[in-house]
Amino acid sequence: MKAFFNYISEIFRGFYSLLQGMGVTGKYLFTPWKYITQNYPENRDTLKMFDRFRGEVIMPHNENNEHKCTGCGICEINCPNGTIEVITKTIVTEDGKKKRVLDKHIYHLGMCTLCNLCVRACPSDAIVMGQKFEHAVFDRKNLTKVLNKPGSKLEANVKE
Amino acid sequence: MAFSIYDFTEFTKSIHEGLSSSLSPTMTTVVEWVIIGVLYILFVALFGLFLVYAERKVCAAIQQRVGPNRVGPWGFFQTIADFVKLLMKEIINPKGVDGFLYNVAPYIVIITVFIILSLIPFAPGLQAFDFDIGVFFVTAVSSIGVIGILLAGWSSNNKYSLIGGMRSGAQIISYELSIGLSIITMVIMSGTMQISGIINAQANGWFIFKGHIPAIIAFIVFIIASTAETNRGPFDLPEGESELTGGFHTEYSGIKFAFFFLAEYMNLFIVSAMATIIFLGGWMPLHFGEFNSFNAAMDVIPPIIWFFLKVCAIMLLIMWFKWTFPRLRVDQILTLEWKYLLPINLFNILLMTAVVLLGWHW
Ligand code: SF4
Ligand code: SF4
Chain H
15 MKAFFNYISE
25 IFRGFYSLLQ
35 GMGVTGKYLF
45 TPWKYITQNY
55 PENRDTLKMF
65 DRFRGEVIMP
75 HNENNEHKCT
85 GCGICEINCP
95 NGTIEVITKT
105 IVTEDGKKKR
115 VLDKHIYHLG
125 MCTLCNLCVR
135 ACPSDAIVMG
145 QKFEHAVFDR
155 KNLTKVLNKP
165 GSKLEANVKE
Chain P
4 MAFSIYDFTE
14 FTKSIHEGLS
24 SSLSPTMTTV
34 VEWVIIGVLY
44 ILFVALFGLF
54 LVYAERKVCA
64 AIQQRVGPNR
74 VGPWGFFQTI
84 ADFVKLLMKE
94 IINPKGVDGF
104 LYNVAPYIVI
114 ITVFIILSLI
124 PFAPGLQAFD
134 FDIGVFFVTA
144 VSSIGVIGIL
154 LAGWSSNNKY
164 SLIGGMRSGA
174 QIISYELSIG
184 LSIITMVIMS
194 GTMQISGIIN
204 AQANGWFIFK
214 GHIPAIIAFI
224 VFIIASTAET
234 NRGPFDLPEG
244 ESELTGGFHT
254 EYSGIKFAFF
264 FLAEYMNLFI
274 VSAMATIIFL
284 GGWMPLHFGE
294 FNSFNAAMDV
304 IPPIIWFFLK
314 VCAIMLLIMW
324 FKWTFPRLRV
334 DQILTLEWKY
344 LLPINLFNIL
354 LMTAVVLLGW
364 HW
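Chains as they are written, first to last, in the numbering used here: chain H, 15 to 174; chain P, 4 to 365.
Treat the hints as calculated values from the structure; they're not laboratory data.
Computed from a prediction, not measured in an experiment: that's the story for all the values here.
Wrong hints could be hidden among the right ones.
[As the list claims (entries may be wrong)] Far from chain P by the CB rule (all over 12 Å, computed), these chain H residues: (1) G35; (2) W47; (3) E90; (4) G96.
[As the list claims (entries may be wrong)] Distance windows between CB atoms, simulated: (5) H:M63 - P:A300: 52 to 58 Å; (6) P:I118 - H:L32: 29 to 35 Å; (7) P:S146 - H:M63: 49 to 55 Å; (8) P:L180 - H:R58: 53 to 59 Å; (9) P:F132 - H:R58: 54 to 60 Å; (10) P:A316 - H:I22: 27 to 33 Å; (11) P:N106 - H:M143: 52 to 58 Å.
Glycine included, each C-beta is placed from N, C-alpha and C at the ideal position.
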């Protein structure tokens, strides 16, 4: 007898859970004007990626064309794919001291897995993840980028 | 020519008389065959394409996407473009296939669809073929389709196809039982197996209302079993994209694949139409016993529109199933049939018999 009641209650519980599932999808089904996908490329101008999106590694510059990269090379060491090459040069400051500064921060987008390790490793927060995702180019040479802009300098307040 | 959207009997009769007045009886029959054949082929092609489109839109809505929206307004011509692409594709005969069976399988599947379609009344007078064992004939013929699927799986010389075909066989043979029994339940209620008779018996109320509890149980069982019978999700084991790369139609391409594809969607239409005919009164407008003004208001909508509204509602329900429920394992499919649907169904037949004998229905 108990088995029989179990059998019956199993049927009703089964139906109940199926109906619950149909309730969830039914909500979506009968509101087809609500969708979470994007009408790309029609909305290309207004498209805003979500905050945590990782499109590429970029180095922000302020209005005086200054960045925060000290050229320490920690990001290069931390990158699992050898994507970053930090090239430094030695300059002589006004007070006659020799100083090592960043020459070129080379970033090979084609090899980057967007793992974020370099960004987290950077002691001076000089690099961040950018939101651009339209990376298609006609030649893979174009995927190799120099992140610091030409003629840019180190921001004064960055501690070395 | 008498034409009325409410009743096509006069219209078809006048066509028949017009033809026989100018042609010999044999020629009349031949011409009528051709006309009906062309109409059905057009219907299958156009409605099948519409169904594919509808399914993609429903799926998109459930998954909170937009769905096809590039070709034509709201992507309406997307499936036509797909179909043209399929027509132009090369038909490949893989090495080691059993040539004859491999080529004949898609035709068996699609011919079954046409045979059953000929029994479906779209409106009064719009039925190609009506005879006194209609629903029985439908269940009998619909199991021919599985032979096509089995042959496709068997002859493809591909283990995935073979497994898909075998699964489909096991599944369809089991669920045929439930379909048959739930139809029998309703035949007990209507007292006839003729499709037009079943519909006319629902003139003062659809069977699902007249037969209350046993009819509703039979309806639920019928919907579950017919979802399984059409090989649609959550019972899509024979195709099982994730494990069988497409199942029995893996090796097919071009127009033959299109046949399987169209047949699948037309089967969806057929089972929905059967559910409509048996439980929801076919083309009968919504009538409730003696509420004459309400009945008259419902009569304003033409029967053909009623028919397609009901069919579309049931198809929407079955699509909704497909995109909601997870797929069953093969043993779960058989458990569902043999341990649940079949006993429920047998009990339900007894219940229906009791209800009919005691006159507890309306
Ligand atoms: S995101 Fe990862 S792979 Fe890309 S440059 Fe940074 S550490 Fe290297
Ligand atoms: S980006 Fe950061 S970690 Fe990399 S060299 Fe510059 S300061 Fe060092």
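Results for each hint:
Distance check for G35 of chain H against chain P: the nearest CB is about 5 Å away, which does not clear 12 Å, and the non-interface claim fails. Not every beta carbon of chain P lies more than 12 Å from that of W47 of chain H, the smallest distance being close to 9 Å; the non-interface claim is violated. Here E90 of chain H stays apart from chain P, with its beta-carbon at least about 41 Å from theirs, past the 12 Å limit. For G96 of chain H, the condition that its CB be more than 12 Å from all CB atoms of chain P holds, with the nearest at approximately 36 Å.
Remark: the range hint 52 to 58 Å for M63 of chain H to A300 of chain P is upheld by a beta-carbon distance near 53 Å. Against the hinted window of 29 to 35 Å, the Cβ-Cβ separation of I118 of chain P and L32 of chain H comes to about 33 Å, which satisfies the hint. Checked against the given bound of 49 to 55 Å, the beta carbons of S146 of chain P and M63 of chain H, roughly 53 Å apart, stay inside it. Our hint of 53 to 59 Å for L180 of chain P and R58 of chain H holds, since their Cβ atoms are close to 56 Å apart.
Roughly 55 Å separates the CB atoms of F132 of chain P and R58 of chain H, a value that falls within the hinted 54 to 60 Å. For the hinted restraint 27 to 33 Å between A316 of chain P and I22 of chain H, the CB-CB distance of approximately 29 Å keeps it satisfied. Against the hinted window of 52 to 58 Å, the Cβ-Cβ separation of N106 of chain P and M143 of chain H comes to about 56 Å, which satisfies the hint.
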